[in-house]
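Chains as they are written, first to last, in the UniProt record's numbering: chain G, 1 to 1230; chain P, 1 to 139.
The hints are simulated quantities; they were obtained by calculation from the structure and are not laboratory data. One or more of the hints may lead you astray.
Straight-line distance between alpha carbons at most 35 Å, and here's what the computed DSBU-like set of lysine-lysine pairs gives [stated by the list, open to error]:
1) P:K27 <-> G:K793
2) P:K77 <-> G:K480
3) P:K27 <-> G:K382
4) G:K503 <-> G:K530
5) G:K579 <-> G:K794
6) P:K125 <-> G:K480
7) G:K496 <-> P:K125
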Amino acid sequence: MRSCLSSLSSQQLPREPMEWRRTYGRAPKMIHLEANFVQFKEELLPKDGNKALLTFPFLHIYWTDCCDTEAYKTSVKEDMSRWQNSLRVHGSADWVIIVVETNDTKKKNKTNILPRSSIVDKIRSDFCNKQNDRCVVLSDPLKDSSRSQESWNSLLLKLRTLLLMSFTKNLGRFEDDMRTLREKRTQPGWSFCEYFMVQEELAFVFEMLQQFEDALVQYDELDALFTQYVLNFGAGDTANWLGSFCAPVRCWNGLLLRRPIDMEKRDGIQRGEASLLDLRSYLFSRQCTLLIFLQRPWEVTQRALELLHNCVQELRLLEVSVLEGALDCWVFLSCLEVLHRIEGCCDQAQLAANCSHTVGLWAYATDKLKSLGELCGLVSDKGPTSEDLNRTVDLLAGLGDERPETVNSLQSPYKKLKEALSSVEAFERHYLELSHAAMEMYRAISRMRSARLVGKSLAEFYMRKGDPERAEAFLQEALKSYVSEGWSLPVTHTRKQIAECQKLLGRTEDYLQTSALLAGDVNLTTEERKHFCQEILTFASKSGDQSQKVSLSMGVFAQLTRLQFCPATASVHSGAVLKVELTLRCLMPVSVRIQQLAASIHFDLEHGGTHGRLKGAQRQTNPGTVDFIHSSSSAGPPSSAGGPSLELDEIQDRSPSDNSLNSTGVVCKNTHLIMRRHDSSSPSDTPNCVSPLAVTMKEEAQMLKVQDVMLEPGNNSIVFTAPSGQPGTYTLRQLCATVGQVQFVLPHIYPSVQYEVYSQEPQLTVEPLSEPLLAGLPQMVKFTLLTGHYTVKKGDALQLSNTDSMPILPSASCSARISNTAEMSDSSVFVLSIQSSEKVTSISLPSTPPYHTLEFQLEVLCIIPSGSEIRKPMEPPQKYGKLFDEVHCVFPQMSIDCPWSIYSTLLALTFYIPFKTKHSLLSAGNRKYIQVCVQNVSDVNFTLAEVKLTEKQHASLELQSLNTKTQQLLCSKHSVFCLWEVRWKDDLPSCLQCVFSANFSPFNQDVSAFKPFHYQFQLERVTTLYSVRAEILPPPGEQYCRSGFLCGLEVCITRLTEPAEGETGEDSKTDTDGLRTTKLMYEVADSSSNWAVCGKSSGMVSMPMTSNATHKVQIEVMPLFAGHLPFPKIKVLKYLPHTAPVAIQSDPDSCVEDTLSLLDKPLDDQGDTASIRSRGSVHSVGSNEQQQQKGVAMPRLEPFSPGQVFNHSHARQVLVLPATDDHIMEVNAT
Amino acid sequence: MAVCIAVIAKENYPLYIRSVPTQNELKFHYTVHTSLDVVEEKISAVGKALGDQRELYLGLLYPTEDYKVYGYVTNSKVKFVIVVDSSNTSLRDNEIRSMFRKLHNSFTDVMCNPFHNPGDPIQSKAFDGIVSGMMVQTG
């Protein structure tokens, strides 16, 4: 019955979870308790120091079904107390007494129904003082009633509680003991293995409780502790117990993860005989088991990798002697074992998704297998030597026998390794399998670099096996990645391997290309570089037919760094010498002799005119030097980074209505270049690309060629002479260096390089040597002849047609300078011979080569035309606009016949007359004076001499000079005034034809340099007709005028002479009374408002035609100010009645319909109008006739010419006193 | 201390790489180059995880038998890689972190140099000095 109950309760115990409260603040957990029921035996009770926790009796149960008080008293009670005593001796307080009650026992007790006298009560009172819960009643356990169920449940609950209580207590004690033991680890006798067993016990318990996490922690602690000891060992702190782990490794059969507990290894540890690998293996197998329980398989792989690395390190640290290759075997086996284990617990999809966790192990295994293969001579194409075989046997011996778990599996790590080491073929199969698996996985998780590294290692294997073809594919892939990311050292290394492949494969062109790259690789030693360079040169020097020629990219051999034109404009005339200097940076380590260096040229015929000079000037923007920028192939950023630079431009979006800015931005103009996918770009874009490109040298008609050049390492300068036959544009396209059979071709020269060849027509220009040219003085004129394509032969001459206005002054030493148009430096001087005949001046030119400049100077004199010969220019030159007005220019024309043209060239030079001359007539009563003003408008100072004025028509007339000086300095921008008095004997002619003449020379020059200057002018109506006198009369009774008081102005107009014949018909009229009178109009006007004219200010007078006829007019004026006031102006004008025909000689300016406007015109203007009239009299006729026909039938006023009216009182002043009571008036006003 | 220190540009080309002993240079180049795989993996993982960009230290990139490779990435995606000998057990995570921090500071100084063209290989004596200080003293 007891066993029946036990089994029942042991089944039912774990059904319900219990909350497990734990010490040290660890989180409470729900656990399921499971218990073993064991028959109580005295010897099973734990002795002191027994640490076995698994077999520890946690709870002692006394089962009794005693229902009889008598029986209890006699036997049961005794038994119980004996049990209690033995428990007490062992210090166990975890017990419970279960009293099983059955119905039949109850029935028996029916008679004895006394309170507190049941068996239970008795037991309680006997044993459980204060611990009533230690006695439990179980009723009818075997009956299926609700009561029995209830009592079962309460019993189970009680059992669980007590069991857990005891467990917690004992576990706590165990942990404490364990810690105490751990603290003793510094003591001499301490052993790790012992401690290991203790802590593992704990782990087991946790594992049993399904607390895998906690179990794992125990192992991790052990792991850490051990690791620390090893590290301390490395630091020199040796623990004695470590000695056993330092024993030489004899067995390397790898991890074993298929058993939950590897008892074999555990025993070893317990006995202290385990090796380091054993301990590690065991520890890891336990961790692995727990981790898999915890559903964390990926942690296993990660830890496995760490463990393997760590073990290798630890063995090294502990200086454990290991057979060479043994560790590789161990690692290889372990890797595969872990992988198998993981594969065993995961499905394929999970595995594929977690490649990243397993790939490390795959790669590690691959690595190890490879090194094993190398060690055992399985990689070389010859097969293993006997020494290798011996080594293999030793290694296999260490593997021991295959474990029973895997004996039947075909793919066990053990079998794999054994097979792989057995033969070259098997090794290759296994190695390739592993490598490809690792690569595939790396690719799958896009660790391309790692994949390529595996690939590279595979390539090395293929190379060893003598299969360069396969190797190359892997190497090329790796190289591509290194090149694209700019890792120069790996690039060099990989390229070296590729070179080897290509050499073996006999791919000459590729090999040479790679060799060239390597020869220029600075990462290699000079010897290596020389070797590769020699490879090329050896090939190049091989005699072979043309078909064997190999074209390689120039970039690997030399870089075009700079291209320089001489002359720098890169523009020459046809036939001229154009030098092109290339700077080539040779990347080879030794100097290389090049048979030919050629640059092909593309020729474009130039369209349009060939105006060399103009084009040449534009080409100045074309830099003569082109620098080619290379990203260094060996170091620095990869070519992808050094791609095309951004070309940015600003854009602005403006609203169309008001032009306001809507948006602005930046656009990239060369997006198509920048956004281009780099990986798809053609190989020719990357200079250090692997595959040799199909470079072809296009044959062009014209080439720049240099034969036999020695290229030294580094920068070399090579000078070409560029063809310049035909005019047009020449573009340098390709560059090709030929070394024997090898051609290095630069397929595109970029940025594009061009030069121009032009053809030029001869050009003759004549320009003043100094601006401006002055008329009347000898001036130097520069002749410049650009010969262009024309060759000036001996005997060629320029024929200049002579003009009278501008003779060419013969000069004894006229020399010409010939210089090269392009280079202004060298020039030669020739003497010109000039022959003048009546009509032509012939200048014979010295022979001049084409594209030279011939310069010479001639002295010419432009004679100043006198008076009316001056012509108006078509357009006044702007730059002298202020200095010279348009009338002061002379444009003599000269035509030149040139030998190269059938057309004659017309030359137009502008000469400026240095003087501006004005004349005026001055009168004093009847006496007449002529004043001439000469203004120097030039920048030169002149001396003026022999100033003369003559009258042409009237011999009787005498002009008496009032000028005292014979010579006068006329400074720049200054004027000189000359004055003559006109004297006459009989009558003064009304019209005078005068010529002013003077000699002038630049200041400080001798007399011989004097040149004449003439000025013709005409004076009309010279005679004084009327005199006007004005008088101011103070008010009657006053002596002086006073301001504010009226005074009288008396104007007296007197006719001085009888009118001449012509005049009478014009402006006089016969009155009705028969007297011939002339109507005059007078006007008093005060422009400065000194005077107020009271009453009539103007009026009409009729002057009789007799001499000395006088007319007096009285006008009242009032001075407005006090002081010396000038007289008010009195104007006298001709009055022409409307019937009279309009005067022919009236000036266009004065021809105004309105009388008043004419009145407003100040008298001062008359001086000017007179001078204008004197010149313009002839021209104005036509316009006036038109005016006449329009028929303005109005009375008209016409001013007199200056000198016709003489005003005696002009500029007179009168004293005006202030009004006496001015101040009083002011007071009154305020 | 470190056996190899590398600075790698955003575009994955080396800006600076130095290793001791020098005869193993090539191997370190391969190692560092391969480590970029993991760096990229980690960066993209960080990018996905809510983009907490403040943690620049990437931790152990991958261990090999002989070396441990640690990574660090600046905000401008310049990568620092430090390779440490596995046998060198005295270096903990914290030391590695501080090495990276020092390296980053020095790198920032280099970048601040107005004469330095970003993207060019680093040729700075100061930086060299810092790196030398972190490298294993040979000899």
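Consistency of the hints with the structure:
{"no.": "1", "hint": "P:K27 <-> G:K793", "verdict": "78 Å, violated"}
{"no.": "2", "hint": "P:K77 <-> G:K480", "verdict": "23 Å, holds"}
{"no.": "3", "hint": "P:K27 <-> G:K382", "verdict": "28 Å, holds"}
{"no.": "4", "hint": "G:K503 <-> G:K530", "verdict": "17 Å, holds"}
{"no.": "5", "hint": "G:K579 <-> G:K794", "verdict": "31 Å, holds"}
{"no.": "6", "hint": "P:K125 <-> G:K480", "verdict": "32 Å, holds"}
{"no.": "7", "hint": "G:K496 <-> P:K125", "verdict": "32 Å, holds"}
Violation of the numbered hints given earlier is confined to hint 1; every other hint is satisfied by the structure.
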